[in-house]
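Number of protein chains: 4
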Amino acid sequence: MLSSDTRGVFAIAPTPFLPDGSLDAASVDRMTDFYWEAGSDGLTILGIMGEAQKLEPEESLQIVRQVIARAGSRPIIVGVSAPGFAAMRRLAGEAMAAGAAAVMIAPPSSMRTDDQIVGYYAQAIAQIGTDIPFVLQDHPQATLVQMTPGVIKRIINDSPSCVMLKHEDWPGLDKISALRDWERDGSLRHVSILCGNGALFLELEMQRGADGAMTGYAFPEMLRDVVDMSLAGDIDAAQDLFDAHLPLLRYEQQPVIGLSVRKYILARRGAIANDTLRTPGPKLSAATKADVERLLARLARTDRRAAF
Amino acid sequence: MLSSDTRGVFAIAPTPFLPDGSLDAASVDRMTDFYWEAGSDGLTILGIMGEAQKLEPEESLQIVRQVIARAGSRPIIVGVSAPGFAAMRRLAGEAMAAGAAAVMIAPPSSMRTDDQIVGYYAQAIAQIGTDIPFVLQDHPQATLVQMTPGVIKRIINDSPSCVMLKHEDWPGLDKISALRDWERDGSLRHVSILCGNGALFLELEMQRGADGAMTGYAFPEMLRDVVDMSLAGDIDAAQDLFDAHLPLLRYEQQPVIGLSVRKYILARRGAIANDTLRTPGPKLSAATKADVERLLARLARTDRRAAF
Amino acid sequence: MLSSDTRGVFAIAPTPFLPDGSLDAASVDRMTDFYWEAGSDGLTILGIMGEAQKLEPEESLQIVRQVIARAGSRPIIVGVSAPGFAAMRRLAGEAMAAGAAAVMIAPPSSMRTDDQIVGYYAQAIAQIGTDIPFVLQDHPQATLVQMTPGVIKRIINDSPSCVMLKHEDWPGLDKISALRDWERDGSLRHVSILCGNGALFLELEMQRGADGAMTGYAFPEMLRDVVDMSLAGDIDAAQDLFDAHLPLLRYEQQPVIGLSVRKYILARRGAIANDTLRTPGPKLSAATKADVERLLARLARTDRRAAF
Amino acid sequence: MLSSDTRGVFAIAPTPFLPDGSLDAASVDRMTDFYWEAGSDGLTILGIMGEAQKLEPEESLQIVRQVIARAGSRPIIVGVSAPGFAAMRRLAGEAMAAGAAAVMIAPPSSMRTDDQIVGYYAQAIAQIGTDIPFVLQDHPQATLVQMTPGVIKRIINDSPSCVMLKHEDWPGLDKISALRDWERDGSLRHVSILCGNGALFLELEMQRGADGAMTGYAFPEMLRDVVDMSLAGDIDAAQDLFDAHLPLLRYEQQPVIGLSVRKYILARRGAIANDTLRTPGPKLSAATKADVERLLARLARTDRRAAF
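For the record, the sequence lines run as chains P, U, A and Y.
Each residue of the first sequence is one higher than the last, beginning at 30 in the numbering used here.
Each residue of the second sequence is one higher than the last, beginning at 30 in the numbering used here.
Each residue of the third sequence is one higher than the last, beginning at 30 in the numbering used here.
Each residue of the fourth sequence is one higher than the last, beginning at 30 in the numbering used here.
Derived from the structure by calculation, the hints contain no laboratory data.
Hints may be right or wrong, so weigh each one.
Here are the simulated SDA-like cross-link-like pairs (lysine to any residue), alpha carbons at most 20 Å apart as the crow flies [to be verified]: (1) P:318 to Y:238; (2) Y:312 to A:139; (3) U:318 to A:203; (4) U:318 to A:236; (5) A:312 to Y:155; (6) U:312 to P:112; (7) Y:318 to P:238; (8) U:312 to A:203.
Pulled from the structure, derived: some chain Y residues nowhere near chain U, Cβ distances all over 10 Å [claimed, not checked]: (9) 68; (10) 102; (11) 116; (12) 118; (13) 126; (14) 266; (15) 272; (16) 308; (17) 336.
Label pairs and their calculated CB-CB ranges [to be verified]: (18) Y:215 to P:322: 28 to 34 Å; (19) U:333 to A:49: 52 to 58 Å; (20) A:189 to U:238: 52 to 58 Å; (21) Y:330 to U:151: 52 to 58 Å; (22) Y:155 to P:155: 56 to 62 Å; (23) Y:312 to P:263: 30 to 36 Å; (24) P:187 to A:214: 20 to 26 Å.
Since the structure is predicted, the reported quantities are computational estimates derived from the model, not experimental observations.
Ideal placement from N, C-alpha and C gives every residue a C-beta, glycine not left out.
Build the full structure now, drawing on both the sequences and the hints.
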């Protein structure tokens, strides 16, 4: 089970599909292995970038079981956000029964006021049970829900089963600092903070007190090294490596087409067989693929792991 | 199967739950009978007001089968809107196999431009098959998607399987007029137009050329009479009856708590056993219930069907 | 100066234009007189329904001065919401110098969290000065800003110069009850509550403890009578009159075209010379005008003030 | 006057304020000179990043006149977007009378459908006059308005006075390609395309056929060089320079605090005296300033223009 002291890299895994849009079970195993080889400590599945909202419930469960079986003792976090609590409760229960380390919950976009957000998490925890560790996902660009540091504090202090914040507010650096300041003055219980938002500010988030990365950038090796170097205090080495990846990373972090770019690179790396997204979803133009190839080739001059 | 010449009243049915939030199968039968007795020609199930997004897929299918079995030869329309086409295709296929008359599709809120909306319907039809008649739902207050009359025209003319428009834009009266004008000048194929938006403008929509109502107001008897009187040209009688219901109807058509009010009245009328909404959902305050009771009592002075 | 004990009717006045879009100064006087004759206690000018955002600053000031001069001792509230505090501070100062009774402030749509909203009002008050009484406008349908009762409480208790809430949340009845409950238990300072949202729930809002109406419905006479009868405890008489107006009121309260409908009726009543809106703005179709005329004729059977 | 063949760099200029929030006229001159020395061909003033919405009309006009006077023969584009056409028409007329080269217009956020957007520009042009050259601003992240390439095509082909597209859609590379393809097949009149969005994809936009940059990154020297090298075909040199700036550029391009970062750097460079934003606006934390200083120091190792 996931603890509030977790550090390191949890890759956000996509869901691999065959060209006809059906689940690609063979690629699920291959992809899981890929992430361990690339230095990931754990995986997060069925998030927004996992196209969870396009999956049937039995498909979701199939992926959960297969990834956990393949992962052995490695921790797997399962996204269980859903419009209704019935689906959330069921998937959370099934995921934990299958051996998941924790679940992850983002609020629905209709939540606006502080009380609505805090109340939603109280209801969600009552539904799934207080014995399931959960990750609080703060991702306003996707959810439209704005959580102040104070709201996050209320949820963490109210909920012993909250063990981690997935931080992807933007701008968000001062939010990490505010939470860590409250931990230092004793007003906030410590939880792990892993950073998302495509890793666009990862090297700086580590300096503000983050514990690692939880995002799907197609080179988890970079996330691994930047997190390790940052935790070891090698700030400039972390920044140098990060900077080398930034032109490509920025390209992958685009709205709308970002996941297509990510799957394209993962397929080029052999982590999955196809770069297919389930419809409705965008397709990459030839010019976009050429952009990616060029940025990859340039990256490979500095980081040989991008050469293939 | 639903045709483009359909007229009359299709009640939007809620989904009945027991106080613990589980499906109330007994109430599904009772409610179905209620709607026939109240003058509904058909039913629409699994819409937004049916809390479809809070149901598990097998629950959805259970409701579809039970309602259709109970309905006999009456037409049932099944809402199949979903974030992914996999779920939409599956539910549409299962619903039609179970005997549904048509499916209803609203666009996802990310659709913005004319081409995105038209393209979305083309993709959806390709997924479910061109042999399934469908209802185009135009409900910008809920979906945030703005369809011009021109966009609706493109979808109808491009899609022979589009047989009906569920009209609930607001303001929307001139939109009906624009579509009917195009039918008259031959540039638009005729489809049925049934009106939603809680019936807040029903009597005027009928005068603009609508064919009836598709909404869930807790007195389908009024919808029935207003539609019949309007089609028969008894404009003032229709308006008199409509006006008598308007204070209550307005109360039921409120955002956020409207469905709770509706279920409260339906439970008071004996159409369903409980007024429970699945969480997350609002609860009515005592003061709100007192408002409803008072408005019901006043309505009963004019329309005896509100006396109980 | 406006006090927290204010009761009655403040009409939201439109801004009259000539057909070419220029200010119609003659109609400003005529309209001001009309509102007194129709039973309004005061006026609110330069609100959203006053097309304030389409006015030049000197035009705004001209209207403020002319209305106040014409109003004599009657209280005038001036909307001063603006994207920047420079414009707000200037207009507030000029309005008060000209003899306004108070200013009204709505938050900008970028405010999301409780702290942002409370902080915005603190900043605004610091800018305009604590000696200017202000009306807190809570209108989420227009501003997209959701204020909980708790946020309103914080603002009122923090700000002695807050003398009134313009209440137009929807649903909003329980919000009035919550605020009045807090006043009774001593945790909230008393302020006046006047209700907007086109008066769609006015008769019920009065029963929850509102002090009156602040909205622009084209028959202020009805607002006057409903407020008086409600304050006198004649609940059923108030409801009867309200119900007679509801079919027309609902028509006027539509999004997008509502202000055009309102100006059309005001022009028909002779309160202003033309129903012109400044561009960009919608125009009424012939069918829409016919709807309004028919609803007016029906209303006139019950309320002779609608006969003309 | 601006022509549709314009190429190069137009810096988006901020508005300089004194610490008390009043206009800093001395800095207006200093800043204008700075942009010429940094390689800018022209300036765009009173845009979103110029805090235009916080200025009084006479302040706007004062800035327009002062910048144009200081600019000599250099072209100045003036943002004239406004909630009402009265203010737009007046500012456009005054700006052109003062010697502006063109005006820039973004649509209001209420525009949703293709016809609404096209209609809005037709109305705007009718208001300001067809003899004023204008820049079409396509910036959905700020305006929420989504324009397809087809909508842009309609506006350009309908409006001879449209001479430039300010391109800042995201993702937006394929949009440039689509427009240039239409120019090649003769279905679209040629206009200049300058790119904004903080220059986050500038080097790739140039390869898709853009004519230059229109954005406010605090090192216009980089924009100048990347545009020149790209137009000269030195793709790799352009990319190398761009990559060196990307870590800082990304930091400056953040939502909410981006303009504060930009003004901080411009003040550090001596282009303006203070980094003040008018309230309401964010303030930079000490940690944020330390981030910026560190990124500047790292950049200076590669680009000496960042050393100071």
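At 10 Å, judged by beta carbons, does residue 126 of chain Y keep clear of chain U as stated? holds, 37 Å
Assessment of proposed distance window 28 to 34 Å (beta carbons of residue 215 of chain Y, residue 322 of chain P): holds, 31 Å
Per the stated criterion, does the least C-beta distance between residue 266 of chain Y and chain U lie above 10 Å, as a non-interface residue requires? Nearest chain U Cβ is 37 Å from residue 266 of chain Y, so the label holds.
If we take the beta carbon of residue 336 of chain Y, is the closest beta carbon in chain U still more than 10 Å away? holds, 45 Å
Verify the proposed pairing of residue 312 of chain U with residue 112 of chain P, using a straight-line Cα cut of 20 Å. Answer holds: residue 312 of chain U to residue 112 of chain P is near 18 Å, not above 20 Å.
Between the alpha carbons of residue 312 of chain A and residue 155 of chain Y, is the straight-line distance 20 Å or under? Given that 20 Å is the threshold and the Cα spacing comes to 17 Å, the pair holds.
Tell me if the straight-line CA distance from residue 312 of chain U to residue 203 of chain A falls inside 20 Å. holds, 11 Å
With respect to the beta-carbon atoms only, verify the hint that residue 155 of chain Y and residue 155 of chain P lie 56 to 62 Å apart. holds, 58 Å
Could you check that no beta carbon of chain U comes within 10 Å of the beta carbon of residue 68 of chain Y? About 37 Å separates residue 68 of chain Y from the closest Cβ of chain U, which puts it past 10 Å; holds.
Would the pair residue 318 of chain Y and residue 238 of chain P pass a check requiring their Cα atoms to be no farther apart than 20 Å? holds, 17 Å
Could you check that no beta carbon of chain U comes within 10 Å of the beta carbon of residue 116 of chain Y? holds, 26 Å
Checking a non-interface call: every C-beta of chain U should be farther than 10 Å from the C-beta of residue 308 of chain Y. Is that right? holds, 31 Å
In summary, this structure violates none of the numbered hints.
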